[in-house]
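Trainee: Read off the chains here:
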Amino acid sequence: MAIVAQTSKFSQISRPVLAWAIGFLFFFPIFWMVLTSFKTDADAVKPEYLFFFQPTLENYINMTSNYNYWRFAQNSAITAVVATLFNLAVGIPAAYAMAFNPSRSTKNILVWMLSTKMLPAAAVLYPMIFLAKGIGIFDTHALVITVVSLINLPIAIWMLFTYFKEIPREIIEAGRMDGVSTWSEIKEILVPLAWGGIASTALLIFIFCWNEAYWTVRLTTIDAATLSKLIEGNRAPEGLFFGRLSAVSTAAVGPIVVLGWFCQKQLVKGLTFGAVK
Amino acid sequence: MGRIVLDSVTKSFGEIQVIPPLNLTIEDGEFTVFVGPSGCGKSTLLRMMAGLEDLTSGKIQIDGIDVTDVAPSKRGLAMVFQSYALYPHMTVSKNIGFPLRMEGMIQAEIDKKVYAAAKSLNLLDYLDRKPVALSGGQRQRVAIGRAIVRNPKAFLFDEPLSNLDAALRVGMRLEISEMHKRMQTSMIYVTHDQVEAMTMADKIVVLQGGIIEQVGSPLELYNQPVNLFVAGFIGSPKMNFLEGDEAFKYNAHTIGIRPEHIKVVSEGGDWHGKVGVAEHLGSDTFLHIHDTGLAKIITVRAPGEVNLKYGARISLSPYEEVIHKFDAQGHRIE
Chain A
1 MAIVAQTSKF
11 SQISRPVLAW
21 AIGFLFFFPI
31 FWMVLTSFKT
41 DADAVKPEYL
51 FFFQPTLENY
61 INMTSNYNYW
71 RFAQNSAITA
81 VVATLFNLAV
91 GIPAAYAMAF
101 NPSRSTKNIL
111 VWMLSTKMLP
121 AAAVLYPMIF
131 LAKGIGIFDT
141 HALVITVVSL
151 INLPIAIWML
161 FTYFKEIPRE
171 IIEAGRMDGV
181 STWSEIKEIL
191 VPLAWGGIAS
201 TALLIFIFCW
211 NEAYWTVRLT
221 TIDAATLSKL
231 IEGNRAPEGL
241 FFGRLSAVST
251 AAVGPIVVLG
261 WFCQKQLVKG
271 LTFGAVK
Chain B
1 MGRIVLDSVT
11 KSFGEIQVIP
21 PLNLTIEDGE
31 FTVFVGPSGC
41 GKSTLLRMMA
51 GLEDLTSGKI
61 QIDGIDVTDV
71 APSKRGLAMV
81 FQSYALYPHM
91 TVSKNIGFPL
101 RMEGMIQAEI
111 DKKVYAAAKS
121 LNLLDYLDRK
131 PVALSGGQRQ
141 RVAIGRAIVR
151 NPKAFLFDEP
161 LSNLDAALRV
171 GMRLEISEMH
181 KRMQTSMIYV
191 THDQVEAMTM
201 ADKIVVLQGG
211 IIEQVGSPLE
221 LYNQPVNLFV
231 AGFIGSPKMN
241 FLEGDEAFKY
251 NAHTIGIRPE
261 HIKVVSEGGD
271 WHGKVGVAEH
281 LGSDTFLHIH
291 DTGLAKIITV
301 RAPGEVNLKY
311 GARISLSPYE
321 EVIHKFDAQG
331 HRIE
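Residue numbers (this note's numbering), protein chains in the order written: chain A, 1 to 277; chain B, 1 to 334.
Some hints could be false.
[Said to hold, decoys possible] Okay, the calculated beta carbon distance ranges per label pair:
#, chain 1, residue 1, chain 2, residue 2, range
1, A, A97, B, P88, 18 to 24 Å
2, A, S103, B, D165, 35 to 41 Å
3, B, A167, A, L85, 16 to 22 Å
[Stated by the list, open to error] No more than 25 Å apart at the CA atoms, straight line, and that leaves these computed lysine-lysine pairs for BS3-like:
#, chain 1, residue 1, chain 2, residue 2
4, A, K107, A, K165
5, B, K59, B, K113
6, A, K187, B, K74
7, A, K187, B, K94
8, A, K187, B, K130
9, A, K165, A, K265
10, B, K249, B, K203
11, B, K130, B, K153
12, B, K94, B, K112
13, B, K130, B, K249
14, B, K309, B, K325
15, B, K130, A, K165
Note that these hints are calculated values from the structure, not bench results.
Glycine is no exception: its CB is placed at the ideal position from the N, C-alpha and C atoms.
Based on the provided sequences and hints, a complete structural model is requested.
Mentor: Here you go:
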């Protein structure tokens with residue numbers, strides 16, 4: 001007799017309901033934000049206009065014409081793209097070395113790298129600002145990209161290390177018997193075999209870099225300011241303009257939501273560190 | 001050419017020495033099998049020859065040249081792994097041609113060599129397939145093909161047949177032996193299966209705990225095992241060992257007698273016991289005899305079909321001229 005997992009009527013109904021409820025809970029703030037972005041600042045704070053209102057593009061027009069949205073978007077894109085490439089360029093060789101040529105201290109280095117993520121960012125904020133201003137790189141791409149790259153590098157290396165570890169050691173050894181150089185070992189064997197993992201890592205790091213706010217807000221004024229800074233800058237002292245703020249926020253998260261939507265599968269794989277096959 | 005000399009090589013992992021100082025010479029063209037129980041250091045030794053494992057001390061020479069610090073690919077050796085270790089993202093022809101491409105050979109030359117290797121291994125129909133679409137036996141052939149195209153000084157095989165089913169294993173065993181006879185290239189083959197060792201080897205190296213117990217041809221090991229370990233390891237079913245009074249009769253601490261050297265007699269034999277489990281192989285019957293008062297169980301290999309009831313009392317008569325004698329330290333006494 002075949003053994004069939006028995007699901008009760010109750011769980012058959014309750015599970016999807018629960019899933020939808022949780023999904024809605026997460027989705028609602030974003031939905032609300034998008035709705036609000038089409039309201040005037042006056043309508044935005046009136047509960048009776050929560051769902052039904054006179055939609056307007058005023059906030060978006062205002063944003064692109066008065067706040068130079070495209071410039072911030074361009075800075076965000078430059079920061080995220082360059083930082084992601086930097087993470088891969090450093091992370092792939094580093095993770096490769098630790099996965100396939102481990103030394104006695106490899107484990108310690110990995111743990112140490114992770115421990116840097118536990119350091120409160122605020123603790124090094126002022127030294128960083130003084131240092132940046134001292135050497136004259138405050139509010140430059142170089143500074144923002146360096147900082148955003150380095151704070152994400154431990155995650156990139158850990159993820160890549162985990163993926164590389166899954167590659168059978170014998171395949172790497174076969175390559176060594178077949179006479180591959182270190183470079184062709186990475187190019188011909190490692191990268192093709194870990195392609196999924198590398199893509200997941202790149203995607204996740206890109207999202208982290210794009211969303212980075214703590215440092216980008218504090219280390220820039222205008223020249224290298226990203227969309228996070230634009231959002232922050234819309235917190236006007238005379239009160240919150242919710243319509244305007246929502247439009248800016250929507251435009252800031254929009255690209256990343258679209259990107260995430262198209263790469264869902266790869267993302268789930270990345271976030272579960274290869275635990276889901 | 002392919003003469004490999006291991007000169008007092010040792011290997012330690014941290015504090016643990018897995019290979020104590022070891023000397024061994026593998027002559028050119030020889031089929032050498034390293035055999036021993038798992039963890040005896042046979043694979044480590046092979047990997048040290050390949051260059052995949054560093055030596056803690058000692059030297060390795062290939063054709064008179066010290067290769068101790070030479071990179072694996074520069075030693076002129078090719079290796080076939082237990083898990084095949086094919087490149088999953090490459091087709092069969094790419095896999096076989098890979099070492100040549102890494103050497104920088106021109107594509108036309110690579111194609112020619114790949115074709116020749118694939119032809120000799122019956123892989124021509126599969127050249128465009130990826131490894132995932134091949135059976136275990138075909139994958140193993142591709143791995144061998146990848147080794148052959150390099151025209152190595154010696155082939156290293158690390159338990160290459162362990163992942164194959166029994167029928168395929170016998171077939172591949174023959175193919176590898178054939179290949180050796182045809183190519184006359186040195187082959188070093190690691191296995192824990194003494195049947196593979198006996199059937200394929202020119203020379204068997206029996207290892208235990210990183211120490212070479214005995215080196216010799218299969219029949220030397222079978223006929224003159226130097227100690228109890230080799231005596232027990234080579235031969236199937238295992239040799240019977242008797243101690244005590246029976247051994248003293250032969251002026252030995254322990255005597256060993258192979259199952260095929262004991263005869264079942266209806267009466268008047270030297271030893272007596274009760275029939276336990278009988279394993280019928282058709283060509284032979286393995287009888288496990290209890291209650292002999294000599295050893296817990298005595299195994300007898302009787303030719304043909306022997307039908308004895310479970311629990312029946314029988315007599316055994318050993319061939320005295322092939323009894324192996326060992327001293328208290330387990331060394332052979334001539």
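Trainee: Would you mind marking each hint as holding or not holding in the structure?
Mentor: Against the structure, the hints:
Checked against the hint of 18 to 24 Å, the C-beta distance between A/A97 and B/P88 comes to roughly 22 Å, which is consistent with it. Checked against the hint of 35 to 41 Å, the pair A/S103 and B/D165 passes, with Cβ atoms roughly 40 Å apart. In this structure the supplied range 16 to 22 Å is violated for B/A167 paired with A/L85, their Cβ-Cβ distance being about 52 Å. A threshold of 25 Å between alpha carbons decides the hint, and for A/K107 with A/K165 the separation of about 13 Å falls inside it, so the pair holds.
Our distance criterion of 25 Å between C-alpha atoms is broken by B/K59 and B/K113, whose separation comes to about 34 Å. With a C-alpha separation of about 20 Å, the suggested pair A/K187 and B/K74 falls inside the 25 Å cut-off, and the hint holds. A threshold of 25 Å between alpha carbons decides the hint, and for A/K187 with B/K94 the separation of about 15 Å falls inside it, so the pair holds. Annotation: proposed proximity of A/K187 to B/K130 holds, straight-line Cα distance about 19 Å (limit 25 Å).
With a C-alpha separation of about 21 Å, the suggested pairing of A/K165 with A/K265 holds against the 25 Å cut-off. Annotation: proposed proximity of B/K249 to B/K203 is violated, straight-line Cα distance about 34 Å (limit 25 Å). Under the criterion of a C-alpha separation no larger than 25 Å, the hint pairing B/K130 with B/K153 is inconsistent with the structure, at around 28 Å. Between B/K94 and B/K112, the direct Cα distance comes to roughly 13 Å. Compliance with the 25 Å bound is thereby established for this hinted pair.
Between B/K130 and B/K249, the direct Cα distance comes to roughly 64 Å. Violation of the 25 Å bound is thereby established for this hinted pair. Taking the CA atoms of B/K309 and B/K325, the gap is near 32 Å; set against the 25 Å cutoff, the hint is violated. Among the hinted pairs, B/K130 with A/K165 is consistent with the structure: their alpha-carbon atoms are about 22 Å apart, no more than 25 Å.
Of the numbered hints stated above, those contradicted by the structure are hints 3, 5, 10, 11, 13, 14, listed in ascending order.
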